[in-house]
Amino acid sequence: MSSRLAKGGRKIDRSQKVSFTFNGRQMSGYAGDTLASALLANDQMLVGRSFKYHRPRGIVASGAEEPNALVGLGEGGRFEPNQRATTTELFDGLSATSQNHWPSLEFDVGAINSKLSRFFPAGFYYKTFMGPRAFWKHVYEPIIRKSAGLGKAPTEKDADTYEHLYAFADVLVIGGGIAGLTAAVAAGRAGARVLLMEQTAHWGGRAPVDGGDVDGAPVAAHIDALVGELSGMANVTMRLRCMGAGVYDHGYVLGYERLTDHAPQSGVPRHRLWRIRAAQVVTATGAIERPLAFAGNDIPGVMLAAAVRDYIVDLGVSPGDRVAIVTNNDDAYRTAFAVKDAGLEVPIILDARSAGGGDLAIRAREMGIRVEHNRAVAHVSGGKRVTGVAICAQAGGGAVIEEIACDAVAMSGGWSPVVHLWSHCGGKLVWDDTKAMFRPDGSRAPTSHDGKPFVTCAGSANGALSLSEVLDDARSAGHSAVQAAGYDPVEQAAPSVEDVAEIPLAPVWVMPAGATEKLRSKSWLDYQNDVKVSDIQLAAQEGFESVEHAKRYTTLGMATDQGKLSNINGLAVLSNALNEAIPQVGTTTFRPPYTPISLGSIAGGARDAAFQPLRRTPLHAWHEEHGVKWEPVGHWRRPYCYLQAGESAHDAVIREVNGTRNRVGLLDASTLGKLIVKGPDAGKFLDLLYTNMMSTLKPGRCRYGLMCDENGFLMDDGVVARIDENTFLCHTTTGGADRIQAHMEEWLQTEWWDLKAHVVNVTEQYAQIGVVGPQARQLLEVLGTPGIDAETLPFMTWVDRTVAGIPARLYRISFSGELSYELAVPAGQGMALWQSLVEAGRAFDAVTYGTEALHVMRAEKGFIMIGDETDGTVIPQDLNLDWAISKKKEDFLGKRGQLRSHLADPNRWKLVGLETVDGSVIEDGAYVLADGQNDKDQRNMQGRITSTYYSPTLGRGIAMGLLKGGMTRMGDIVQVTRISGNAVAAKVVDPVFYDKAGDKQNV
Amino acid sequence: MSDMTGPTPVGALHGASYDGYVRIAEEPMRGMITLRGDLSGPLAKGATTVTGLDMPGPREVTVMTEKAIAWMSPDELMVMVPLADLPAALETLDTTLRDPFATAVDVSQARSIFSITGPDALVREVVAKLAPVDMDPQQFRPGMFRRTRLAQVPAALWLPAPGRVELICFRSVADYVFTILADAAKPGSEAGLFA
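Protein sequences appear in the order of chains A and B. Positions 1 to 1003 (the working numbering) are the ones given, in order, by the first sequence. Positions 1 to 195 (the working numbering) are the ones given, in order, by the second sequence.
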């Protein structure tokens, strides 16, 4: 059984008890425990069920590579699934639940899958759920989804906050083990700005566990010295609990800092996402031990050898009292010493190498430990925990020689450098035959904007394994990185280290070498996704020869651990099955993040009020206080209508239209784009941009204009006012303001750079208010506005006047068909003017109206709306706007495009008005039916609806649409689709439904 | 329309402020003029005349209390003056800029201006939470000017003095900018980046 040891555990504080629950059961641990070590201390060896076969699973590792010990952590607004127990620091009140079982962890119905495992081979889903086709959606998928494993999604809003932080560094060192510390010191001494981050809560990594002396003192003392030196450097920033998550182009790196996971509290961001630009990146990310693939290697109690000694040395817990060790290398012998030092038994060390190990093996024998060469695990005995191992020859087929009782198995298949961050941005790998590992190929590093390398690996991440190798490699990595960042490295004497002589490992990918099918189908490669040796071999046999294909077919390495333990073993098995060398088969692609990061950290502060910028006009607050129903228009909020007590939106719109048409209405038009175009060539420039002539416009006058893109399609419209000889003010649509400004700048900067004109966006400089309706003039006169009569200020002119004491520019333009003034005033005075207008408007029974009334009134007048009548495929001619296309101008944007045969085709769908015969309102987005069907058995169409409204003025539905034949079809009755299925009959009419002659606006 | 008549113009947030681990405040409206044209010619003369300040170099700003000349692009400056001085400044520019290919436009009302004040390191850090700018004291010094983005909106910022950042954004997003600055300055969220 696993238990807390009487002494030891350099990371835990035995004076501080911490209580927590696991599946509702009260347990206790110590401050400094991980959830994993605390579970082991409580003899909770079974921590979850596997994904596919629901096999009992225990803790395998001690760090980020853990595949099994995933739990649901926290409750309510702090619940998060799939959290690794090995990287979860214990805190008082922690609550964890295991995953992937029903009804309970101890008794799981799904475990039947394990008994049926021979019916669930690789590609099972692809092979089984082939047909009938409809079954996938209605039968297979719902069942599979229900039984699919791992964590449940949270159901409540996240109770925590998150933030981003932009940081910059000359040298960013990822990993605060002894290699990272050494590299950081080397960079820091040279004076570079250094950022050092470590994913755990401790500096020094695993060096103190593995032991060794530096300059005659234990390595832990050397680590303290390095940390002390770095802490004293003003140019070095150090961060614990901060993982290098991903390395991207040009030295961009994401750091994932976990601020309160170890001590949840409100008011402090839970995670902080560091968005870093570094000139040079040193990845000192260590190495991960590989499991061995033998039968029953997934039974709780089978663990990585290094993890076993981590738990003993760092955390004062042991997975068992009798720990059998199985290895292909010397390093695992250190675990035997740790177990013995803790006063526990090592019944046997099985060394798969025929010649056995080096000095460490000699020491083991001297300690009285039984060491056997050319031996392997035939199978592990036990169900929910290990009870023993059966031993066989590594060279054989698995015939059992002996059975040994034990309650834990420590396995080591060698080490794989953590090359993930090196690989994220294109660093290449090389296969090291001696060490049987992929390590970074220093000659093919990720390159930055200048084509030069910007990532250097240090220590075990670079394939260095012994302490002296690690220190040398890290120092030189620190030097070369700081040099590449433009600093002179400071030479320093190498500390003296005496390594133990080690015999190289012997690669062991399947144990025993000739394992039978029965053994191979119980030998796990990927614990989390339940992929076994036999699955990979089957994939190879079925022709999935590419490692990327085999991965997807078997799901090897596709779980939340992204194959940290399984990848190398899996591809080695694949390469053997294909009879190819490992480097020929290659690895799958390493992609960020290194381990999953929270969605909250990615969102950062973008939530609630800060989720998205909301643009407010200067009158926003007034609308809010007066029953507004908002309409989002881009990032703006515009009033859709204003609701009075008990009123529906539909009724409000009718009231607003009638009030405006009969009396006077007020509109907040501030969002309208306003671009000043100024310079001696301003007129010439506008002539090129607009389809009609602008240069002939007289100062003081306004002209409606159309803008097309270079293909001839209508992209924006608006009224242009000439301010003076050199200055124009171009109104754009609300959505067009920024886009058209960019469009103008682009043409000025890239094509017409010789034109002398400037563009300045003054959209937000002004509050713009429409005063609209037959009594508009009287209302303005009440507010003391002189000289706005029809003679002084005729339709399509502008003038500067003072309204209610506020300097305003009045444009006599109309988008409603009524007498209308648009008043532009400084934004900061907009509210004062609006309030004056509302106040004075009371005597006129004035209304404030929103975008829907605006739309209804413009539709009644047959005015087109960009985005309704246009969709990027419509040209002005389609909308009967030929009058706004200059025949005189030599050129303008879109002219050439419109000459193309398809755009000049007389059969294009063109704008018409439509009225239903029964007076009803046509549905949005409806089509006009034609006879027959097309070659895809779809009903033929001859047109579509672009705008449709209930017109309060006419008391009936009105619509505009594009119809084949256009205005030549006047009087025709056509059939328009309805969602309910029946068509509705509509008559083709003139799109100007109201005041065709324009008498009302021109007074 | 540049003459200052009628009610006093009001800022988007009526001078809102928030005291977090630094202070966030909407500053009173300031006169701001966009100048476009050849920066070596009369434009520079106009800018220096109305402010009494030297011309800034690229990505720089010259500042004296409420007056400033900010370099916006190779053909654009932003001139800042107290709002009360704006009409006179526009008038001066009108007479100085005889070249029709030199543009002066009042954009005072289109912008909001915020200050972030407190310990220098923390003021810098609050910006670093929102803008991809290297705010390290060695890197971003008084006299420098950055056009950048603050979370999801455009902004420009500079350091008139140690412990003070001023930044401008579009008026329509003043509320958003205030919200994200206040969120970033929440006590307890100090990152200690420049400590």
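Rather than coming from a laboratory, the hints here were simulated on the basis of the structure. Please note that the accuracy of each hint is not assured.
Listed below are the simulated BS3-like cross-link pairs for lysine-lysine, each with C-alpha atoms no more than 30 Å apart in a straight line [claimed, not checked]:
no., chain 1, residue 1, chain 2, residue 2
1, A, 684, A, 987
2, A, 756, B, 186
3, A, 137, A, 936
4, A, 684, A, 888
5, B, 45, A, 684
6, A, 756, A, 889
7, A, 157, B, 186
8, A, 987, A, 964
Some chain B residues close to chain A (C-beta under 7 Å, calculated; not the full set) [unchecked claim]:
no., residue
9, 7
10, 54
11, 100
12, 152
13, 180
Built from N, CA and C at the ideal position, the CB exists for glycine as well.
So, going through the hints one by one against the coordinates:
1. 684(A) to 987(A): violated, 44 Å
2. 756(A) to 186(B): Distance ~48 Å between residue 756(A) and residue 186(B) Cα, so the pair is violated.
3. 137(A) to 936(A): Within the cut-off at roughly 25 Å; holds.
4. 684(A) to 888(A): holds, 13 Å
5. 45(B) to 684(A): holds, 29 Å
6. 756(A) to 889(A): holds, 19 Å
7. 157(A) to 186(B): With Cα atoms ~21 Å apart, residue 157(A) and residue 186(B) stay inside 30 Å; holds.
8. 987(A) to 964(A): holds, 14 Å
9. 7: holds, 4 Å
10. 54: Violated - the Cβ of residue 54(B) stays beyond 7 Å from chain A, reaching only about 24 Å at its closest.
11. 100: holds, 5 Å
12. 152: Cβ of residue 152(B) sits 5 Å from chain A, so the hint holds.
13. 180: Where the cut-off is 7 Å and the nearest Cβ of chain A is about 5 Å from residue 180(B), the hint holds.
This entry does not satisfy hints 1, 2, 10, going by the numbered hints stated previously.
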